[in-house]
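Chains D and Z, in that order, give the protein sequences. Quick note: the first sequence, position 230, residue 316 per the working numbering, numbers continuous. Quick note: the second sequence, position 238, residue 324 per the working numbering, numbers continuous.
Calculated from the structure, these hints are not laboratory results. Mixed in with the good hints, there may be bad ones.
Identical copies go unnamed one by one, so any copy, or any two together, can satisfy a pair.
[Unchecked claim] The calculated lysine to any residue pairs, modelled on SDA-like cross-linking and capped at a C-alpha distance of 20 Å, are:
1. 145 x 447
2. 116 x 140
3. 145 x 114
4. 346 x 191
5. 258 x 301
6. 346 x 395
The model shown is predicted, which means the values in this text are computed figures rather than measured ones.
Protein chains: 2
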Amino acid sequence: MERTFIEEITTSPGQEVRVCGWIHRLRMLKTAAFIVLTDCSGSVQIVATPAQVTSLGLKLEDVLEVTALVRAEPRASGGRELQFVSGRVLSRSANLLPFTSASNLASVPTEVQLAHRPLSLRTESVGEVFRVQAAILEGFRAFLRSERFTEIVTSKLVATGTEGGSNLFEVKYFERAAYLAQSPQFYKEHGVAGLERVFETGHVYRAEPHATSRHLTEYCSLDLELGFVESAEPVMELERRLLTTLFQTLNQRFGDSIRKRSGAFLPELTRAPIWEFPECVERLRRAGIASPESDLSPEGERGLCTLAEQERGVPAVFVVGFPLAARPFYAHPRGTSGAAQSFDLLFRGLEITTGGQRLHTREALESSLRSRGMAVEAFESHLRMFELGMPPHGGLAIGLERLTAQVLGLANVREATLYPRDRVHLEP
Amino acid sequence: MERTFIEEITTSPGQEVRVCGWIHRLRMLKTAAFIVLTDCSGSVQIVATPAQVTSLGLKLEDVLEVTALVRAEPRASGGRELQFVSGRVLSRSANLLPFTSASNLASVPTEVQLAHRPLSLRTESVGEVFRVQAAILEGFRAFLRSERFTEIVTSKLVATGTEGGSNLFEVKYFERAAYLAQSPQFYKEHGVAGLERVFETGHVYRAEPHATSRHLTEYCSLDLELGFVESAEPVMELERRLLTTLFQTLNQRFGDSIRKRSGAFLPELTRAPIWEFPECVERLRRAGIASPESDLSPEGERGLCTLAEQERGVPAVFVVGFPLAARPFYAHPRGTSGAAQSFDLLFRGLEITTGGQRLHTREALESSLRSRGMAVEAFESHLRMFELGMPPHGGLAIGLERLTAQVLGLANVREATLYPRDRVHLEP
Chain D
87 MERTFIEEIT TSPGQEVRVC GWIHRLRMLK TAAFIVLTDC SGSVQIVATP
137 AQVTSLGLKL EDVLEVTALV RAEPRASGGR ELQFVSGRVL SRSANLLPFT
187 SASNLASVPT EVQLAHRPLS LRTESVGEVF RVQAAILEGF RAFLRSERFT
237 EIVTSKLVAT GTEGGSNLFE VKYFERAAYL AQSPQFYKEH GVAGLERVFE
287 TGHVYRAEPH ATSRHLTEYC SLDLELGFVE SAEPVMELER RLLTTLFQTL
337 NQRFGDSIRK RSGAFLPELT RAPIWEFPEC VERLRRAGIA SPESDLSPEG
387 ERGLCTLAEQ ERGVPAVFVV GFPLAARPFY AHPRGTSGAA QSFDLLFRGL
437 EITTGGQRLH TREALESSLR SRGMAVEAFE SHLRMFELGM PPHGGLAIGL
487 ERLTAQVLGL ANVREATLYP RDRVHLEP
Chain Z
87 MERTFIEEIT TSPGQEVRVC GWIHRLRMLK TAAFIVLTDC SGSVQIVATP
137 AQVTSLGLKL EDVLEVTALV RAEPRASGGR ELQFVSGRVL SRSANLLPFT
187 SASNLASVPT EVQLAHRPLS LRTESVGEVF RVQAAILEGF RAFLRSERFT
237 EIVTSKLVAT GTEGGSNLFE VKYFERAAYL AQSPQFYKEH GVAGLERVFE
287 TGHVYRAEPH ATSRHLTEYC SLDLELGFVE SAEPVMELER RLLTTLFQTL
337 NQRFGDSIRK RSGAFLPELT RAPIWEFPEC VERLRRAGIA SPESDLSPEG
387 ERGLCTLAEQ ERGVPAVFVV GFPLAARPFY AHPRGTSGAA QSFDLLFRGL
437 EITTGGQRLH TREALESSLR SRGMAVEAFE SHLRMFELGM PPHGGLAIGL
487 ERLTAQVLGL ANVREATLYP RDRVHLEP
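Chain D with its partners taken away, still in its complex shape (with noise of 0.2 Å):
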C-alpha cells in the first residue's frame, strides 16, 4: 500500500492507510495505547489496543511504520483519528534521550541541542526556525527573478581576499595557497558587467575569532548586484520593496509563531526611515547612547531601531552615508565630504545588510587602493574586468542566519544555524 502523508489522510471512516513517522508522544493505559505520529506534514493519534502494541516495545522517537483505519473524531485535530490494525518499528531511537521532540527546549542548552541536532530539528519550535529560512532564502530569491535577476555560482576558493588579506582562512591548494572567500563581491561585480542583475546565496568566511552572538566563522550571505545605479538610494529602495515582499509572504506562513516570539509582526520595511550616518551620531548623543564617530556600536544598533520604531512606528532604519574610510576600498563616495554612497540597514537592533554603490572604473580603485596604502598590484585580476564595458553599480548582502534571528526574536545567531562554525566549534 502506498504511504500516505498524515496531512492527506482524508475523513473518510473506513479507510485503511499506511502512515510513517516519529512517535511524538505515547500514552499506555490498560485499557488503549495513544500513539501520536509525526511526519514532515503533520501529526495524527493512533488509537491500538495494549494487546496490538505491547510486542513492538515502543517509546518515543522510535520510527513507526503503520497500518490504520481512518476514524472520524471531532475531537482531534484534523477531525480524525487513526484505528491501528498492523505495525512495524523501522528504527530504534536511544533509551536515553537528553530531551524528545515533544520537549519545550527553552529549559536544554544550545550545546545539547546542537549534540543532537536531528532530535532538536524535529521539535516544533526549531524545525520552524529552519522552516523560515527555507522561506527566506526561497522569498530572496523569488523577488530577484521577478526583478530580472539572474542566479550565478561563483568560487568560495580564491587567490586573494576581497577585503585586503585580513580575517582569512588558508586552504591548502595543492602546491600553493587559496583562501575562503569572505565575500562573492567581486564576483558579482564582473557578474553586472555580463548579465547586469545577479544574486547568489552561498557561504562566505571569516576568521573572526572573537565569539559574539552576531559572529560566526561561516554564513550564508545572501547577495546581489544591479547595474545602472548611480547612488546607494535604489539599493536602499530595491531592499525596501525586498524585505517588505518577503516579509509579507513570512507573516502570511509563520505570523502567529513571529508573532509570539518576537512580540509582532514583521513590519512593512517601505516604512523604514533612512538617516544620514551623522545625523545617526547626533541622534544617539541626544539619547545618551554610547557609539563610536566612525562606525556604529551594537548599543548604536540598538538604539537606533528605538528610536525608528518611536519616530516611525517601525524597528528598522537604513544608515547610509558611512565614512569612506570606514568602508571597503570599492565604496563610492556620496558627495565630497568624505561619506560614502554605503549603507547598513538595521532591523530590531541589529545590522543585518550592509550595501551601497561601488566605484566603477578601474582609475577610481586604483586611485582608492593606493589611498589606503594597498598594493595595486595583487588586484590586477580584478581590476582588469574594469575595462570590459562596467556600468555604475551597486548591490547588497544580507546575512541569511542573521536575518533569520531577527525576524524570529533569537538571542543568537548561533540559533539560527544548522551547524554554527567559530573558533570553537567545527563539529557536529
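Following the hints, position chain Z against chain D.
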C-alpha cells in the same frame, strides 16, 4: 525620467524613453548612426544623426544611457526602434578587446573567454549557459518544495571527510586543521532524521589532481535525501519525475537553443530504463566496449547511453546495483550477493547523478566501516545521530555543472562553470 527596460518599450510612436545598456553593434554611416543597445532584457536599434553621436566617441561594449523617441519600425525586432535624442557614456570599455558580445566564441579559446568573463557572459551563447544553469537551480528547488522537501544550509568546514580522508582540502582553522566538505552527505542524512525530506544546493570540494573534462575541484552539488525509502527504486523514481519536470521547463524556455546546441530537445526521463550493473557489464561486453568489472569507464557510460537511445529512444539510463566495494561505506546492500542499493544516472554519455539507499542503523554502519578497515571512532559524531530515530532513507546528488553541460551539449564541464577551479585554475 525612469529607466525603461528594452523589453518593456511599448510601440506607441512618439513616446520618450530612457534606456541603458551596452553597445552590442555599431554602424556609423555618412547620413546616420545605428546603435544596437543591449540590456538584461533584450536589444533595440537606436538611430541617430552623425552630429548627435560623433562627440560621444562611441565604440563597441561602451556602457551608454540614451534618451530617445519610440518609432514604429515593422522590419525591426519587436516592431519598434528608437530615435536618438540625447546620450551619455556611463563607462568606457577598453580600446582593444579580444572579442565582443557579438562575436562567435567558437573560435575563442576557453582560457581567453574565462580571462574576460564579464564580456563572454555578455554574448548570447555563454550568457545562455548560465541562464539555463540558473533555471536548473530554480527548477530543482521548486520541484522538491512541491514534494515537501525543506531546503537546508549545512557547513562546508568539517573535522573529517565523509569518505575516509582521501582527496580532502585542508584548511588552517585557527589552531587546528579543518577540511572542505566533499559532500553534505552526513548532514543531509541528519536532516532526514529531523525534517524527513531535505535538499541543499551548495559547493563541494574534491582535491582531484587530474584535470579531465568532467572534474573540478569545486562544484555545486544538487543534493536531496528523504526518509522512508527501503531500496534504490523510490529514489530513482523521484529523480525521473524531478528531471522530467525540469526538462519540460527547460524545453519550454530554452528549447530551440537546446536542440540547436545538443542536437535534440531534452527527453522525457520517465522513459529512461533501469538496468542492473551486471547486465550493463554484459551489454557493454556484447557491444565490444571496454569497461572494468567493478565500475563504469567513461567509454562504458557513453556506450550505455547509446544502447538506451537505440532501445528506448532516450539517451539516459539508471544503472543500479553497483558492487558494494565500489561504493562508500554508507551504501545499503541490495540483496545478499555483494551489490549495493546504489545507482548512477547516465545522461547523454555522462554520469550526472549518484544516489541510493543508505544504511540507517549504527550497528550496520559500524560493521561496514570495520569491514573496510576504517576507524569507527573517527565517525563517532556522525554515528551518534543514528540513535535519535533515523528512518530508512536514501537520496542522490546531481552535479550542477555536469547537468548544465549535458543539457546544452557542452564538451567540457568548465564551460558550465563561471569560475572553474582545478589544479591549474585558482583565478579569476
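Structure-based check of each hint:
no.	hint	verdict
1	145 x 447	between (66 Å within a copy, 17 Å between copies)
2	116 x 140	within (11 Å within a copy, 96 Å between copies)
3	145 x 114	within (10 Å within a copy, 82 Å between copies)
4	346 x 191	within (16 Å within a copy, 57 Å between copies)
5	258 x 301	between (25 Å within a copy, 19 Å between copies)
6	346 x 395	within (19 Å within a copy, 57 Å between copies)
Consistency note: the structure conflicts with none of the earlier hints.
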